[in-house]
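Chain by chain, the residues:
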Amino acid sequence: MFRWFDDRLGIAGWTRGGLRKVFPDHWSFLFGEVALFCLVVLVATGVFLTLFYVPDATLVTYEGSYLPLHGQRMSAAYESVLDLSFDVQAGLVMRQVHHWAALVFVAVIVVHQLRVFFTGAYRKPRELNWLIGIGLLVFALAMGITGYSLPDDLLSGTGLRIIYSAVISIPFIGPWAAFLLFGGEFPTEAIVSRLFVFHIMLLPALLLGAVGLHLAILWRQTHTQFAGEGAREDRIVGKAFWPSQVFKSTGLMLLTAAVLALMGGLIQINPVWTYGPFDPTRVSAPSQPDWYVGWLDGALRLFPPIEFTLVGVTIPSPFLPGVLLPGLAFGIMTLWPFLESWVTGDHREHHILERPRDAPVRTAIGVAALTVFVVLTLSAGNDVASLILRIPVEETTNLLRFAVVVLPVVFAVITYRICRELQRRELASLAGRPVAVRLERNEAGGFTPEDE
Amino acid sequence: MRRTLLAALGAVAVLLLVVLASLAPPARGDDASLEPGSVERGEVLYRAGCQTCHGPAGGGVDPWPAIANAGEASADFQLRTGRMPHAGEPDDQAQPKPPAYDEQSIRDLVAFVGSLGDGPAIPDPVIDESLLQRGQQLFAVNCAPCHGATGNGGAVGGGAIAWPLTDASPRIVAEAMLAGPGQMPVFALPDDDLSAVATYVQYLQEAPNPGGFAIGGIGPVPEGFVAWVVGAGLLIAIAWLIGRRWSKPEGDEPA
Numbered sequence: 001m002f003r004w005f006d007d008r009l010g011i012a013g014w015t016r017g018g019l020r021k022v023f024p025d026h027w028s029f030l031f032g033e034v035a036l037f038c039l040v041v042l043v044a045t046g047v048f049l050t051l052f053y054v055p056d057a058t059l060v061t062y063e064g065s066y067l068p069l070h071g072q073r074m075s076a077a078y079e080s081v082l083d084l085s086f087d088v089q090a091g092l093v094m095r096q097v098h099h100w101a102a103l104v105f106v107a108v109i110v111v112h113q114l115r116v117f118f119t120g121a122y123r124k125p126r127e128l129n130w131l132i133g134i135g136l137l138v139f140a141l142a143m144g145i146t147g148y149s150l151p152d153d154l155l156s157g158t159g160l161r162i163i164y165s166a167v168i169s170i171p172f173i174g175p176w177a178a179f180l181l182f183g184g185e186f187p188t189e190a191i192v193s194r195l196f197v198f199h200i201m202l203l204p205a206l207l208l209g210a211v212g213l214h215l216a217i218l219w220r221q222t223h224t225q226f227a228g229e230g231a232r233e234d235r236i237v238g239k240a241f242w243p244s245q246v247f248k249s250t251g252l253m254l255l256t257a258a259v260l261a262l263m264g265g266l267i268q269i270n271p272v273w274t275y276g277p278f279d280p281t282r283v284s285a286p287s288q289p290d291w292y293v294g295w296l297d298g299a300l301r302l303f304p305p306i307e308f309t310l311v312g313v314t315i316p317s318p319f320l321p322g323v324l325l326p327g328l329a330f331g332i333m334t335l336w337p338f339l340e341s342w343v344t345g346d347h348r349e350h351h352i353l354e355r356p357r358d359a360p361v362r363t364a365i366g367v368a369a370l371t372v373f374v375v376l377t378l379s380a381g382n383d384v385a386s387l388i389l390r391i392p393v394e395e396t397t398n399l400l401r402f403a404v405v406v407l408p409v410v411f412a413v414i415t416y417r418i419c420r421e422l423q424r425r426e427l428a429s430l431a432g433r434p435v436a437v438r439l440e441r442n443e444a445g446g447f448t449p450e451d452e
Numbered sequence: 001m002r003r004t005l006l007a008a009l010g011a012v013a014v015l016l017l018v019v020l021a022s023l024a025p026p027a028r029g030d031d032a033s034l035e036p037g038s039v040e041r042g043e044v045l046y047r048a049g050c051q052t053c054h055g056p057a058g059g060g061v062d063p064w065p066a067i068a069n070a071g072e073a074s075a076d077f078q079l080r081t082g083r084m085p086h087a088g089e090p091d092d093q094a095q096p097k098p099p100a101y102d103e104q105s106i107r108d109l110v111a112f113v114g115s116l117g118d119g120p121a122i123p124d125p126v127i128d129e130s131l132l133q134r135g136q137q138l139f140a141v142n143c144a145p146c147h148g149a150t151g152n153g154g155a156v157g158g159g160a161i162a163w164p165l166t167d168a169s170p171r172i173v174a175e176a177m178l179a180g181p182g183q184m185p186v187f188a189l190p191d192d193d194l195s196a197v198a199t200y201v202q203y204l205q206e207a208p209n210p211g212g213f214a215i216g217g218i219g220p221v222p223e224g225f226v227a228w229v230v231g232a233g234l235l236i237a238i239a240w241l242i243g244r245r246w247s248k249p250e251g252d253e254p255a
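Protein chains in written order, with our numbering: chain A, 1 to 452; chain B, 1 to 255.
Calculated from the structure, these hints are not laboratory results. Check each hint, because a few of them may be wrong.
Unchecked claim - Result set (BS3-like, lysine-lysine): computed pairs, CA atoms no more than 25 angstroms apart in a straight line:
{"#": "1", "chain 1": "A", "residue 1": "K248", "chain 2": "A", "residue 2": "K21"}
{"#": "2", "chain 1": "A", "residue 1": "K124", "chain 2": "A", "residue 2": "K21"}
{"#": "3", "chain 1": "A", "residue 1": "K248", "chain 2": "B", "residue 2": "K248"}
{"#": "4", "chain 1": "B", "residue 1": "K248", "chain 2": "A", "residue 2": "K21"}
Said to hold, decoys possible - In silico contact screen, one side only, chain B against chain A (beta carbon under 10 angstroms); selected entries:
{"#": "5", "residue": "A48"}
{"#": "6", "residue": "D102"}
{"#": "7", "residue": "C146"}
{"#": "8", "residue": "G219"}
{"#": "9", "residue": "V226"}
{"#": "10", "residue": "P254"}
It should be emphasised that the depicted structure is a prediction, and the values quoted were computed from it without experimental measurement. C-beta: ideal position from N, C-alpha, C; glycine also.
Could you put together the complete structure from these sequences and hints?
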């Protein structure tokens, strides 16, 4: 049968080469794959949910089996999510697997990105894949935000309200941009169906397309590797694609699906029925976004309410933390590989990874940025922290304001010192050791050192 | 090494679930009787335990509050939930704790405080399933903004807590609405509405909550935590198990 295809497509040679392709093996290189497999689970469960979800803001009367909401008016969208949760076979577990998979998907993307950053894997010639990776992160976040908002419950409506306020705060174009995106002044009838189109058509197409490109470029450029065991800048050492990598990846995929299925089956997530239908006059506390938007919510909570006038236009207070901060963060991340090569003057190709200690400044900057991110993310839960620790919200907020400024500097300095110390110890342990020299037999029968 | 790591991860996951599950509602006691107590016995108890702060006729001794017009509802709520006697400074929020008085003494004290002035009487909410929908709507508008959609409590600023309603009996719920203890506003609703809210609160406590471990019922914060520790944590451990070097490299090729 294979011959039949080969006669028509001539793919035997290409396939044979592909199956033998060598991939460096290090466990930290698998994070991206785990993210990919989360995406597989997301697509599978998402298709199921799409069969039952109704992207419609029309008001209906709920007749389903959740008693407290029986007979209440709600959007058809929220009704369909309640039906999915209570009246569709396996609907709730599919919803929960989908939601857990989304939270874990972004988490694993972040871990993968941290691995790439701290090992310098984005350096020439792989800047392109770094840029596509940033795009993937943006698409994944957009998928998360649109998906979070689809159920049209009270919690997600509160989130949309905040997004609307952030968009409208953009100087000069804000109101127009918000009206364009939402189809009018919040709350709009159009937003649910628009979110649906973004979530199941536009964004998945972009996301899957970018994943394809990401993998194609990886295949073309080969994977980076750590130094050691013959691995050199011009020599890649590892396991063949077939059978080693294929079997590893299959196992990883099955286990990823297993973990996500277990979470979806055992741990409740987003019980939309407790929040009730969205009503712009209501809000419940605590209200939080999913974790990956927490840093933006946290920034809004921590940032002092600064409002100023620029060329006769008022810049509302959500602009600096809600729009400028993420803009700066993604701007710096996007430009990072180019900034680094510009500052260091290093324009060579790199296929061997650096360990974090090998680039102390980069590692310290990365740790500082990560600290800001973590503190801001925790700040999104300032009221929950106050409830659990029984500390006034105001004190929690002031503490976090202090932490977000001071901790990054402290951790950066500590990180830099640790890197330097590790380097120093490594050098010290090598001192006094005989240096290995490669010898070459010469014509006279003796040996001469080969200089490399 | 591998086994230790797995065991440690497992232990962390189990511990997390236990901690989060412990935030779930504990069992509730039965409603106390509505049999009125004796004003005379109550006065004796009041002179001994209350008038230092609340004054001989409930007028309050600055900075402690006047309670002459607090009514039976408020007195019953404060004493039955152990909030009174107050422990701490006047500005501190009264903490729920085991009641300091026995059942008979509480009824006597309530009768005496009720006799001091004009306040709401002890309500008698009825658990009625036909009021569930009304209860959900009233709860969403009036209660959820502070106590949370699941009634698991929230922080309301100034160090005060909107307490979890996870073990509040229907009567305590109705009394709190009439009395408005601490920073809580008074919700002087008709009896039917008090019953509706009490019915919904009891539904939140007792109805089966589908979906598995409720991990606190306080929204996306514990969800994000579990996504990282259980989800990402397990998957990173799995990646390490599968991806660590089990054998020598098989080959090499030009980069």
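Okay, the hints, checked on the actual structure:
1. Restraint check: the Cα-Cα separation between K248 (chain A) and K21 (chain A) comes to about 15 angstroms, which is no more than 25 angstroms; the hinted pair holds.
2. Between K124 (chain A) and K21 (chain A) the alpha-carbon distance is near 22 angstroms, which keeps this suggested pair within the 25 angstroms criterion.
3. The straight-line distance between the Cα atoms of K248 (chain A) and K248 (chain B) is roughly 15 angstroms, inside the 25 angstroms bound, and the hint therefore holds.
4. With a CA separation close to 16 angstroms, the supplied pair K248 (chain B) and K21 (chain A) stays within the 25 angstroms bound.
5. Annotation: A48 (chain B) was flagged as interfacial toward chain A, and the flag is violated, the nearest CB pair being 31 angstroms apart, outside 10 angstroms.
6. Hint status for D102 (chain B): violated, given a least beta-carbon distance of 29 angstroms to chain A, over 10 angstroms.
7. Because the closest C-beta pair between C146 (chain B) and chain A is about 6 angstroms apart, less than 10 angstroms, the hint holds.
8. Satisfaction of the interface hint for G219 (chain B) is found here, the shortest Cβ-Cβ separation to chain A being roughly 5 angstroms, below the 10 angstroms cut-off.
9. The beta carbon of V226 (chain B) comes within 6 angstroms of a beta carbon in chain A, closer than 10 angstroms, and the hint placing it at the interface holds.
10. With its C-beta approaching chain A no nearer than about 6 angstroms, P254 (chain B) sits inside the 10 angstroms limit, and its interface hint holds.
Of the numbered hints listed earlier, those contradicted by the structure are 5 and 6.
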